[in-house]
Amino acid sequence: MNAPLTAKEFKSDYKPVWCPGCGDYSVLAAITKALANLGLRPENVAVVSGIGCSSRIPAYTSCYGFHGVHGRSLAAATGLKVARPDLTVLVASGDGDGYSIGGNHFLHACRRNVDLTYIVMDNHVYGMTKGQPSPTTEPDWSSKLAPGGTGLREFHPLVIALASGANFIARAFSGDPNGAAALIEQAVRHPGFSFVEVLSPCVTFRPEQRSWKERAHPAPVAPTDDPARAARRLMTDDGFNIGVLYQGRRPPYRSPVAATKSAPGALAAAFELKEARA
Amino acid sequence: MKKKQKPDLPQGAYADFMARAYAMELEAVERYGQFAEQLDSHNNREVAEMFRKLSQVESLHAKRILEEMRWPSVPALPVAYAWETPEGPETAAFESAHYLMQPYHALEIALQCELQAQRYFEDIADGEAPKRVREAAAEMAEEEREHVRLIRAWMKKVPKPSAGWDRDPDPPRDGE
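Each protein sequence line maps, in turn, to chains S and F.
Per the working numbering, the very first residue in the first sequence carries number 1; after that it's consecutive.
Per the working numbering, the very first residue in the second sequence carries number 1001; after that it's consecutive.
Chain S extracted, bound-state conformation:
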């Protein structure tokens, strides 16, 4: 039997290039800790992402990785999990990638309930492209790119996840990497589509988010498996409740067609490539 791995062994040799102080460093630490605590091995885990600061994560892990196109990480991850149900599939995204261009995929991933863990690093801004407002940006956040603010109501990811059928919904905070690791661990263990929203400050474009440390607090109530109760809790959510909101009992999606492992060369034979080469 293989000895359990440490968090360090889930990190790759690539050094992250996020801004010093970025919350995403902490999320990377939380993910690698969670994978180590789960007793998994890198060759049995795939980390899929889209585009943005947060989406760099696959390269920084020693797991299989897929750095896909903007907003489409869930589509790629869904295909992967259905084809390879034996793999643990984590999906990394940000509020721009996941809730804007990827918003539609988010709804349907919740609805389909494929056994994935979706980790969204939410900093309420497009950091990689220099500070444009994202779907979760406050309406009155004024910047050079949106003078006076957008005036638009924020997207509420937990409400959308619950309404769309996600089977596990939690909020973590990057200022507590060990707490975030514990939540990610629970999310991976929970069958079906698990959604973990991680408040992860962008210290460069939203330096005021350093104060999130004072605002984040443990949710005062225990997780529920009752969606109506979870919905009522969300009505009074201040956006900084940390913990598990909802743990559903919906069985995860199972592909009606059993996945089969092809023998080497089978695909080429199927397409008669061998003959063509000959």
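These aren't lab readings, by the way, just hints derived from the structure by calculation.
Every value quoted in this text rests on a predicted model; they were computed, and no experiment measured them.
There may be inaccurate statements among the hints.
[As the list claims (entries may be wrong)] Capping the alpha-carbon separation at 30 Å, the derived lysine-lysine pairs in DSBU-like fashion look like this:
no.: 1; chain 1: F; residue 1: K1053; chain 2: S; residue 2: K8
no.: 2; chain 1: F; residue 1: K1063; chain 2: S; residue 2: K15
no.: 3; chain 1: F; residue 1: K1063; chain 2: F; residue 2: K1157
no.: 4; chain 1: S; residue 1: K213; chain 2: F; residue 2: K1160
no.: 5; chain 1: F; residue 1: K1053; chain 2: S; residue 2: K15
no.: 6; chain 1: S; residue 1: K11; chain 2: S; residue 2: K213
no.: 7; chain 1: S; residue 1: K8; chain 2: F; residue 2: K1063
Dock chain F against the given chain S, drawing on the hints supplied.
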């Protein structure tokens, strides 16, 4: 059948305490190492080097604990999130780093961490733990006090950042 542990290896509350102290040092080693890499990525070599030194200092403490305990390998560590604080008392928060920070800032972070560690051990030394644990905690608190003195002395040798140290001539975000 369960393998018998060597009789001369420390066990019980004392060993648990030392394992925790070891975990605390390891977390600090790792975090300073991460800060060094972050600052390297942003070409702030001087501070990266400072964090590397701090990481080395903490790794010496970790090594000393291992030697003292005569653990043949790394012990089963207490679960990391069993700390009363989000991370270990000697671990600097990720958000403490800044790409334009100066060596003085790195030492400020280290000072804060050493003070937290000192208070952590003092609380155990003054608490109701078994005698051997309290004695070990008092010894470690004294060590941390010594580190506090050393870091304060070090801070006197590096320039204090002037106002506007974080002003970037080519800022990532322009005036709003």
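- Item | 30 Å Cα cutoff - pair K1063(F), K1157(F) | Holds, because 28 Å separates the two Cα atoms, which is no more than 30 Å.
- Item | Restraint status (C-alpha distance of K1053(F) to K8(S) at most 30 Å) | holds, 20 Å
- Taking 30 Å as the top limit, are the C-alpha atoms of K1053(F) and K15(S) close enough? This hinted pair holds, its Cα atoms lying about 19 Å apart.
- Message: Tell me if the straight-line CA distance from K11(S) to K213(S) falls inside 30 Å.
- Response: It holds: about 26 Å lies between the C-alpha atoms, which stays within 30 Å.
- Agreement of K213(S) and K1160(F) with the hint, judged by alpha carbon distance not exceeding 30 Å: With Cα atoms ~27 Å apart, K213(S) and K1160(F) stay inside 30 Å; holds.
- Is the hinted pair K1063(F) and K15(S) satisfied, with a Cα-Cα distance of at most 30 Å? holds, 26 Å
- Message: Run the distance test for K8(S) versus K1063(F): straight-line Cα separation, threshold 30 Å.
- Response: Within the cut-off at roughly 18 Å; holds.
The structure is consistent with each of the numbered hints, conforming to all of them.
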